[in-house]
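Residue numbers (the working numbering): 10 to 704.
Possibly wrong hints are sitting among the right ones.
[Unchecked claim] Heads up, simulated BS3-like pairs for lysine-lysine below, C-alpha to C-alpha not over 30 Å straight-line:
hint, residue 1, residue 2
1, K216, K499
2, K346, K279
3, K315, K372
4, K292, K65
5, K279, K499
6, K292, K635
7, K635, K346
8, K372, K660
9, K315, K279
10, K292, K346
11, K346, K660
12, K346, K372
13, K292, K216
14, K292, K222
15, K635, K372
16, K65, K279
17, K315, K660
[Unchecked claim] Each pair of labels, with its calculated beta carbon distance range:
hint, residue 1, residue 2, range
18, A467, R161, 57 to 63 Å
19, D431, T626, 16 to 22 Å
20, F122, K216, 20 to 26 Å
Source of the hints: derived by calculation from the structure; they are not laboratory data.
Glycine included, each C-beta is placed from N, C-alpha and C at the ideal position.
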Amino acid sequence: MPSAGIVPRRAVQLAALFAMMVAFTAQLVGALLPVIPLFIAASVVNLGLDLVLQHKQPGLLAVLGRIRFDVTVRQLLRDMLILVGLLHIDGINPLEEQAPLTITLLLFYGTHFVCQAVAVLVRRSRSLPFVTRNIDASALRLCDAPPRILSRQTGRRLLRFSVPTTAGMMLTSITTDAYWGGIGLAVSLALSAGGTLYLSTWLLPMKRVANEKQALEWLDNWLAEYQPTVGMYFSGGASSAYQANMWLSTLAALDGNPIIVLRERFMVQKIEATDVPIVCIPKVANLMRLEHSTLKVLLHPANSGKTSQILRIPSIKHAFTNHGESDKLSSCNPYAKAYDEVWVAGPAARDRYQLADIGVEDKDVIEVGRPQLAPIQPYAGAPVGRPATVLYAPTWEGWDGNPGNTSVILAGENIVRELLADENVRLLYKPHPMTGSVDPRAGAANSRIQAMIAEANAGRSGTRPGPEAAAELARRTEELDALTTSAFRKSADELERMRLQGTPQEGRAAAVDAAVTAWEAAYWNSFPQWEHRVITTARPGIFSCFNEADVLISDVSSVVSDYLTSEKPYAVANTSGMSEDDFRANFPTVRAATILTPDASGVAGLLDAVRNPEQDTLAAERAELKEHLLGPSDPPSSVRFNQAALALGTKADERRIRMESRLSGIPGQRSQDDVNDARTAGHETSGASDTTAAV
Numbered sequence: 010m011p012s013a014g015i016v017p018r019r020a021v022q023l024a025a026l027f028a029m030m031v032a033f034t035a036q037l038v039g040a041l042l043p044v045i046p047l048f049i050a051a052s053v054v055n056l057g058l059d060l061v062l063q064h065k066q067p068g069l070l071a072v073l074g075r076i077r078f079d080v081t082v083r084q085l086l087r088d089m090l091i092l093v094g095l096l097h098i099d100g101i102n103p104l105e106e107q108a109p110l111t112i113t114l115l116l117f118y119g120t121h122f123v124c125q126a127v128a129v130l131v132r133r134s135r136s137l138p139f140v141t142r143n144i145d146a147s148a149l150r151l152c153d154a155p156p157r158i159l160s161r162q163t164g165r166r167l168l169r170f171s172v173p174t175t176a177g178m179m180l181t182s183i184t185t186d187a188y189w190g191g192i193g194l195a196v197s198l199a200l201s202a203g204g205t206l207y208l209s210t211w212l213l214p215m216k217r218v219a220n221e222k223q224a225l226e227w228l229d230n231w232l233a234e235y236q237p238t239v240g241m242y243f244s245g246g247a248s249s250a251y252q253a254n255m256w257l258s259t260l261a262a263l264d265g266n267p268i269i270v271l272r273e274r275f276m277v278q279k280i281e282a283t284d285v286p287i288v289c290i291p292k293v294a295n296l297m298r299l300e301h302s303t304l305k306v307l308l309h310p311a312n313s314g315k316t317s318q319i320l321r322i323p324s325i326k327h328a329f330t331n332h333g334e335s336d337k338l339s340s341c342n343p344y345a346k347a348y349d350e351v352w353v354a355g356p357a358a359r360d361r362y363q364l365a366d367i368g369v370e371d372k373d374v375i376e377v378g379r380p381q382l383a384p385i386q387p388y389a390g391a392p393v394g395r396p397a398t399v400l401y402a403p404t405w406e407g408w409d410g411n412p413g414n415t416s417v418i419l420a421g422e423n424i425v426r427e428l429l430a431d432e433n434v435r436l437l438y439k440p441h442p443m444t445g446s447v448d449p450r451a452g453a454a455n456s457r458i459q460a461m462i463a464e465a466n467a468g469r470s471g472t473r474p475g476p477e478a479a480a481e482l483a484r485r486t487e488e489l490d491a492l493t494t495s496a497f498r499k500s501a502d503e504l505e506r507m508r509l510q511g512t513p514q515e516g517r518a519a520a521v522d523a524a525v526t527a528w529e530a531a532y533w534n535s536f537p538q539w540e541h542r543v544i545t546t547a548r549p550g551i552f553s554c555f556n557e558a559d560v561l562i563s564d565v566s567s568v569v570s571d572y573l574t575s576e577k578p579y580a581v582a583n584t585s586g587m588s589e590d591d592f593r594a595n596f597p598t599v600r601a602a603t604i605l606t607p608d609a610s611g612v613a614g615l616l617d618a619v620r621n622p623e624q625d626t627l628a629a630e631r632a633e634l635k636e637h638l639l640g641p642s643d644p645p646s647s648v649r650f651n652q653a654a655l656a657l658g659t660k661a662d663e664r665r666i667r668m669e670s671r672l673s674g675i676p677g678q679r680s681q682d683d684v685n686d687a688r689t690a691g692h693e694t695s696g697a698s699d700t701t702a703a704v
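With the hints as constraints, model all of the structure from the sequences given.
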């Protein structure tokens, strides 16, 4: 059933389309009768409505384009109706006055189509076979992009440049003097012709960027100069960028020269602030150039359809790191056996792969811990003198329709209702960003939960931080945005962004870390400790929420494994339909958790254990489970991760040595030249034997 907000929006869209059709009809009637007031009003409203919809509802007008009633056809029809209207108005001579207007109008459309052709040429000339970030690409002769209205916004350009024409023609309709129509057409023609000439300057050598061949040569030279050794490969949709972003700091800390390899152009701007060089290579043929680079190891935080393409490069060793570990089947995807190694946090994941029996050999599973968990603070005791902070962070519904994937649908509202009923609880609600993307019921439940929290906040009161807290948050936000957000002109294209996002300033990564820490502190200090929070933005991150919380309620997901590093109490909702014993047996990550049923009957006991540590009977099990899931604390995970990367790089070096040995004939292997020489010698010997025999 569609949500309440969708129906009115669709009604408004249909009303806008209907109004446009009415305007066309009124313009036609006003032109033929003629009824000058109706004719003028309909002409102005028709053009104005199209201009507004171009800005507000471009997707709606795209529907008209699919039935061949695009913006060019609509504007041409409007102008033809205006000419028809002028023919029917007394006092306007068709031959002496309207003919020049018609010719000038045709010239205007001629320049419009020429501008459109030039725009296509300019866009093609400004499309490189790759996109970079954090790399000095000035050698590619990058320059600012042309104005959007000339290069990319064909419809808006035509409509805006047509405004003087329509205004002039309307004045002619009122005064029966063709002079005003001529002035309007002259202005429109000048705008169109001038815009075309200006846009053409981007085809001149001074503004023309490197061609494809030159660009690829530059990329090869940059790779040879930078000499990348370890990288992260990522491909996915716009909402999946978090899977790569969680590994940025870990990648940057590795020994060697790191690099990020992407496949989708839009993803370049989805990657968060980092100093690591980023190269996006959409085409497979160009991607293969990495085979001739010094790149030894690629880390893969996610599987995608394009992953198989990079796996075709045998000189690079590939490790699957995943973007989190849980007891779900997705954490044991059979695709994992395509990688050289599978890196997991601890023994639990190793056991999981062997139990799944999906073809991943135990020798290829490497325990590296979870290095990005370092910011999570350890358990500091029960809350004293303040409300207990509960973090409810359910995961999303997944692709398979399993009711045990997320608690939002069956248990979410019950859990939240129980928490809100306790006056000594502050709730932090952070749903998964993909909640509701597959099952509308999850999205609807998520909305109801947020409404419940808003209503509960309205019924609470207490001391609030002073205005200085909000001012501090605003200041920290401004500082953080200045470091992490790139401001671009609206007309900026990929090449302009590449130029602006060149080599980062020295020390930027450390400055970003400090700014994030300061922002998070200012964020939490800007709200009273009794106020519930709904967190759906990227900041504060989930780890910051962990540090703020006294207890976690979640589902079977990587959130549970990560939270265990703090050894704080946690609960997992069981909406799978299993008994509690079967649930614990099937999902080891819940072994040290309080299990909540869909009716949330265990919430009260969970809160008692949080406030009274002597009632917490699972503390020892959490410590044991933490090591089982995440591995030992010594050596630190960052050290083990780096060692694994170096070891896999050594394997890549060893393979290269073996291949070079085979090509050079060592040991006992012949190169292709040796084979050819042997074949030639064989033919010569064969020929000599034949001659001897003949004699």
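Going through the hints against the structure:
1. K216 to K499: holds (19 Å)
2. K346 to K279: Distance ~29 Å between K346 and K279 Cα, so the pair holds.
3. K315 to K372: holds (26 Å)
4. K292 to K65: violated (34 Å)
5. K279 to K499: Holds: K279 and K499 sit about 17 Å apart, inside 30 Å.
6. K292 to K635: Not OK: K292 and K635 at ~42 Å, beyond 30 Å, violated.
7. K635 to K346: Holds. K635 to K346 sits at ~26 Å (cutoff 30 Å).
8. K372 to K660: Holds, at about 14 Å.
9. K315 to K279: Cα-Cα ~18 Å, so holds.
10. K292 to K346: holds (25 Å)
11. K346 to K660: holds (17 Å)
12. K346 to K372: holds (12 Å)
13. K292 to K216: Answer holds: K292 to K216 is near 25 Å, not above 30 Å.
14. K292 to K222: holds (14 Å)
15. K635 to K372: Holds, at about 23 Å.
16. K65 to K279: holds (25 Å)
17. K315 to K660: holds (24 Å)
18. A467 to R161: 57 to 63 Å: violated (46 Å)
19. D431 to T626: 16 to 22 Å: With a Cβ separation near 21 Å, D431 and T626 satisfy 16 to 22 Å, so the hint holds.
20. F122 to K216: 20 to 26 Å: holds (23 Å)
Checked against the numbered hints above, the structure violates hints 4, 6 and 18; every other hint is satisfied.
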